[in-house]
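Build out the structure end to end from the sequences listed, making use of the hints.
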Amino acid sequence: MTFVTPSLLLGALLVAVPVVLHLIMRQRPKRVRFPAMQFLHQRHEANRRRLRLRHLLLLLLRCAAIALLAMALARPSIQGAGMRGGGEGPVAAAFIFDTSPRMEYQHHNVARLEAAKELALWLAAQLPSESQVAVLEAASGASAYSVDLAAARQQIRRVATSPVVRPLPDVMADAVQRLTEAEQPRKEIYVFTDLARGSWPRSAADRLRADLERLPSAQVYLIDVGVEEPVNFGLGDLRLSAQRLAADGTLQLSADLYRSGEVEDRPVELFVRGPASELEKRGQNVYTWQPDAAQQAEFSVRLPSDGTYQGHIRVAGEDSMAADNVRYFTVHVEPPPKVLIAAADPDDAVYLTEAIAPRDLPEGASAGFVADVEVIRFEALAGRDFSETAVVCLLDPPPLAAPVWQRLGDFAEQGGGVGIFLGRRAVPVEEMNGPVPQELLPGELKRQWREDTHLAPDAYQHPVLAKFQPFATEVPWKSFPVYKYWQLDEPAGAATVLLRYATGHPALLEKPLGEGRVLTMTTPISDPAFRADRWNLLPTGFEPWPYVILASETVAYLADSGQTPLNYAAGEAARLPLPRDNQAEMFLLTRPASEPVRQTIDLAQRAVIVRATDVLGNYRVQAGGMVSGLDLGFSVNLPEDTTRLDRLEKADLDAMLGEDRYSIARNRDQVDREVNVGRVGTELFPYLILLVAAALLAEHVVANRFYKSAP
Amino acid sequence: MDLSESMGYTHRQELTKFEYGICLAAALCYLMIHQNDPVGLITFDQKVRSSIAPKSKRRQIGTILSALSKLKPTGTTDIATSLIQIAAMLKHRSLLMVFSDLLTDPEPVIASLRRLRHSGHDVILFHILDEAEVKFPFEGLVEFEEPETAATLQVDANNFRVDYLRELEAFCENYRRDCLQSGIDYVRLDTSMQFDRALTEYLVSRKARY
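Heads up: the sequence lines are chains G and L, in that order. Be aware that the first sequence starts at 1, since it is given in my numbering, and climbs by one per residue. Be aware that the second sequence starts at 1, since it is given in my numbering, and climbs by one per residue.
Simulated from the structure, these hints should not be mistaken for laboratory data. Given the structure is predicted, the values throughout are model-derived calculations rather than measurements. Ideal placement from N, C-alpha and C gives every residue a C-beta, glycine not left out. Hints should not be assumed to be uniformly reliable.
[What the hints assert, rightly or not] Facing chain L, from chain G, some residues (calculated, C-beta under 10 Å):
#: 1; residue: R28
#: 2; residue: K30
#: 3; residue: P35
#: 4; residue: L40
#: 5; residue: H41
#: 6; residue: N47
#: 7; residue: R50
#: 8; residue: L56
#: 9; residue: R178
#: 10; residue: R450
#: 11; residue: W545
#: 12; residue: Q583
#: 13; residue: R611
[Stated by the list, open to error] Have a look at the derived ranges for each label pair, beta carbon to beta carbon:
#: 14; chain 1: L; residue 1: T76; chain 2: G; residue 2: L697; range: 19 to 25 Å
#: 15; chain 1: L; residue 1: L165; chain 2: G; residue 2: I24; range: 33 to 39 Å
#: 16; chain 1: L; residue 1: R161; chain 2: G; residue 2: R28; range: 37 to 43 Å
#: 17; chain 1: G; residue 1: L690; chain 2: L; residue 2: E107; range: 56 to 62 Å
#: 18; chain 1: G; residue 1: R28; chain 2: L; residue 2: E201; range: 54 to 60 Å
#: 19; chain 1: G; residue 1: R28; chain 2: L; residue 2: E107; range: 34 to 40 Å
#: 20; chain 1: L; residue 1: V162; chain 2: G; residue 2: P6; range: 34 to 40 Å
#: 21; chain 1: L; residue 1: E107; chain 2: G; residue 2: L697; range: 45 to 51 Å
The structure is reproduced here in structure tokens:
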């Protein structure tokens, strides 16, 4: 219980007045002669007690009326600013703006952010003078307090949407931090938001509640500028069949379609720009957009020649929110990486070759990673030039000559990938465990382990295994038994185990070497089934699709192909690896709808790194001239969940902010009311005045009956 | 005729109980003299104060009216003692009409009335109350003062009315019942009643009985 004007409570002292009046101005009774007193005597005692009771009741009613009136005038409230005083004192307020592109949603020709800013400006004008306002945007980091309200209003006018936004709970944590430092006793947080789920990740709930606990006196107002029933066409995240593919390959694109509103037909268009062509429309499909229906737009386009292809798909026509109408993409068409497979017998390489360079692919099928494979015998390794090669795979290598190991080590250190698939020829182990081979191998070979086991991945974060992640529990590893493998020491130093057998021993190990990487598998990867002493049935079990994925992902990882993304979410730093023979020191960065800007290449990183990706669209990176130079690109999109208009339910907000911890307002009246309730609390004035009236009425009735003048 | 001071009380009527009683007595006297019945008058308060012997001559009307007109209600009353005294005074079987407000302890009064009746006298008890005593028309806080004893009592009249009327009713009912048992006519009157109509009503009802 708090009071707006606590001093008026002193008025309650006036209850002394009726007491004094009662004592010194008792009403004189009418004096009447009456002979039949004998009938009065008998009931007199009971009547006297009743009379005294009524006197007391009357006195109490009068005192209560005065006390209640004094209390009502002191404007008591529940949940107010406390005895710190009035509802008009200066406030420390934080205005938080959701600046996600979703706030550009147009309703009655007003963008949501504009509506939010208008309300914020009005609200700032209502704040008591000497209040401090911090304007925080979801886009940028912390902002300082404005020196005065006029400066705050300027800041509010400058608020704009941004593709890169932080979740609002994070911004609220900043606001709490700022308000904690503020001197003003009354603290208020205003969040201008459309209450879409994208800005309020559920995972932040516990943290947000803990943050708000730190400042229990702060009032939280959610100013909801969202639209209850939005009308919108939206594209989900763009899915590409591959980010890198070979010339003449077919790129398949698909994106989910989201519709809010009524069913409507509307086309989706595909635009592509090739290395030697301007942006042109390459496809258009008309879809019947239905709300709450799982639909997707699908395109396929043939990319004829090497180079960087960029483009976008977009929803044609006008829409309430433009942010989710376009999705950009970049793919590189390049020659497949050269993979050199060394084997004792070229026939041993047949399964691996088939996995990474399939010959008879059905029409329309997407091969994913495709390599340019050359199979040689181990003897040919000695004089081989690796300059054009991306990956060297050793299938069941015998102990090689030291210079060969040396050259392979050099190759890896310069950025090449070496795959060593150990098998029955790796004897004697002393030679394999010699210092030179151990430069590449992740550990010493101990013994050949004979046990009927199988591969048993327990984590899927590594790129080699990432493709298994969506169906991790469904991979029938047991159908592809491993009978024999080399037991290696647990890796020491930089080497790590990517994959183990069910026995717990390492199956696939990675050892970084210079700028390259060496993967060692402790059992053969291409062991023919017809051998009596076969070590495993990985490639030869029934429908060995896990083998195909594992083999191609392993080699792709070694080739560093397809691993570096070309399509980024806004705000992520883009990293484009440079070819090993790159000599350029500068590059030209062309951001969407901008002129090219010259930038320096950080040669130590061997990659072009672009951190400022806060503009959506296709970026182009060029270096070393138009003919033989570098021509790379990447695309920046909004993550799909930042543009979904699904709104939070009250239960979600309760879970996130705590029940009764916040108020929601949608317009000026509601803001006015909620802020008043928040600042002053729920006023008890009307109820108290009713009580005063009731007390006065009761007093009147009692007094009238009581003091009705005798005739 | 009861001479107590309480008989001289009226709250807001033209006639006090005493005057009302006198009118009533005078009228009855007139009627009875006209049918040649001898009529006398005895007044009392603490004891018998005066008496006029019963006669049936026409002149007796003047004598009684003159005596009645000179009477003034003063002081306290003792009805029971007075009635016993009267009983001793009466030599023949008589019709005794008592005019009183009976505002005293009822037991001795009833006992003395029974004694009169036992002596062979016919008794009619005219119980005269003021309209205010019957209706208790007071409102609010009132301090009552008894005329005879000057005792006072402060009460909330509104609250008291029901209790008072209940007490009064019980009191009157007590008299009525005892009188009925003893063969005494009990006539309850209040000063707001037209006394001629009251009288006529009574006489008609008495005529019906005999």
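Against the structure, the hints come out as follows:
Taking 10 Å as the C-beta cut-off, the interface hint given for G/R28 holds, the closest approach to chain L being about 8 Å. Residue-level restraint check for G/K30 holds (minimum Cβ-Cβ distance to chain L is 5 Å; threshold 10 Å). The interface hint given for G/P35 is met, as the beta carbon of that residue sits about 4 Å from the closest beta carbon of chain L, less than 10 Å. For G/L40, the interface hint holds, since its Cβ comes within 10 Å of a Cβ in chain L; the closest pair sits about 5 Å apart.
Given hint, G/H41 at the interface with chain L, holds; its Cβ is 7 Å from that chain's nearest Cβ, closer than 10 Å. The interface hint given for G/N47 holds, since its Cβ lies 5 Å from the closest Cβ of chain L, which is under the 10 Å cut-off. Contact between G/R50 and chain L, as hinted, is supported at the beta carbon level, the nearest pair being about 6 Å apart and thus within 10 Å. With 10 Å as the threshold, the beta carbon of G/L56 stays out of range of chain L, its nearest partner Cβ sitting at about 13 Å, so the hint is violated.
Taking 10 Å as the C-beta contact cut-off toward chain L, the hint placing G/R178 at the interface is violated, the least distance being around 68 Å. Given hint, G/R450 at the interface with chain L, is violated; its Cβ is 113 Å from that chain's nearest Cβ, farther than 10 Å. For G/W545, the interface hint is violated, since its Cβ never comes within 10 Å of a Cβ in chain L; the closest pair sits about 102 Å apart. The restraint placing G/Q583 at the interface with chain L is violated, with a minimum CB-CB distance near 116 Å, outside the 10 Å limit.
Proximity of G/R611 to chain L is violated relative to the hint, the smallest CB-CB distance being about 93 Å (cut-off 10 Å). Separated by about 49 Å at the C-beta atoms, L/T76 and G/L697 break the suggested range of 19 to 25 Å. Restraint check, L/L165 to G/I24: a C-beta distance of roughly 35 Å satisfies the suggested window 33 to 39 Å. About 21 Å separates the C-beta atoms of L/R161 and G/R28, a value inconsistent with the hinted range of 37 to 43 Å.
Checking the proposed 56 to 62 Å range against G/L690 and L/E107 shows it holds: the Cβ atoms sit about 58 Å from each other. For G/R28 and L/E201, the hinted distance range of 54 to 60 Å is not satisfied, since their beta carbons lie about 43 Å from each other. The hinted range of 34 to 40 Å is satisfied by G/R28 and L/E107, whose Cβ atoms lie roughly 38 Å apart. In this structure, L/V162 and G/P6 break the distance hint of 34 to 40 Å, their C-beta atoms being roughly 49 Å apart.
Between L/E107 and G/L697 the beta carbon distance is about 50 Å. The supplied range of 45 to 51 Å therefore holds.
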